[in-house]
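Enquirer: Sequence:
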Amino acid sequence: MKTITIDLSNVESTKDILGRFQEYFDFNFSPTNWDSFLDSFRCLDSESKTFKKEFPNEKHIHLILKNMHHVKRAFEKDYFSLLEILAMTTDKAERYDDLKFTFELLNDRDN
561 MKTITIDLSN VESTKDILGR FQEYFDFNFS PTNWDSFLDS FRCLDSESKT
611 FKKEFPNEKH IHLILKNMHH VKRAFEKDYF SLLEILAMTT DKAERYDDLK
661 FTFELLNDRD N
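All residue numbers for the sequence shown refer to this note's numbering, where the first residue is 561 and numbers rise by one.
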């Protein structure tokens, strides 16, 4: 299992939130909205340059999102959009790759 941690503290916009994922995963096409993020995120084996380069044989990705409380307070709509996508992509039927995907949310008091 490959564990990936993304810190969402100090994000100031939807673009910043998507940018944190772009920084780590280096998608072929930088997501500009939640639909394009979903398209890229559900097929990491083909859309993420980081995945292809650093861990191409990994079968389980566990994502830890730190400081989600900040996103929830400042960008409630984005918070729920992101949660919906993450929950959806834990279902293998919703993924376009062969990965098992799990995630957890950490708030600053949990870190």
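Derived by calculation from the structure, the hints in this document are not laboratory data.
All C-beta atoms, glycine included, are put in the ideal place defined by N, C-alpha and C.
Do not take every clue at face value.
Label pairs and their calculated CB-CB ranges [unchecked claim]:
no.	residue 1	residue 2	range
1	Glu644	Ser590	16 to 22 Å
2	Ala653	Asn570	31 to 37 Å
3	Ser573	Asn617	14 to 20 Å
4	Tyr584	Glu654	27 to 33 Å
5	Ala634	Ile564	19 to 25 Å
6	Glu618	Phe640	16 to 22 Å
7	Asn593	Ala653	30 to 36 Å
8	Glu572	Asn617	33 to 39 Å
9	Glu572	Phe615	16 to 22 Å
10	Thr563	Ser590	22 to 28 Å
11	Glu654	Asn570	19 to 25 Å
Enquirer: Hints broken by the structure, by number, lowest first?
Expert: 3, 4, 6, 7, 9 and 11
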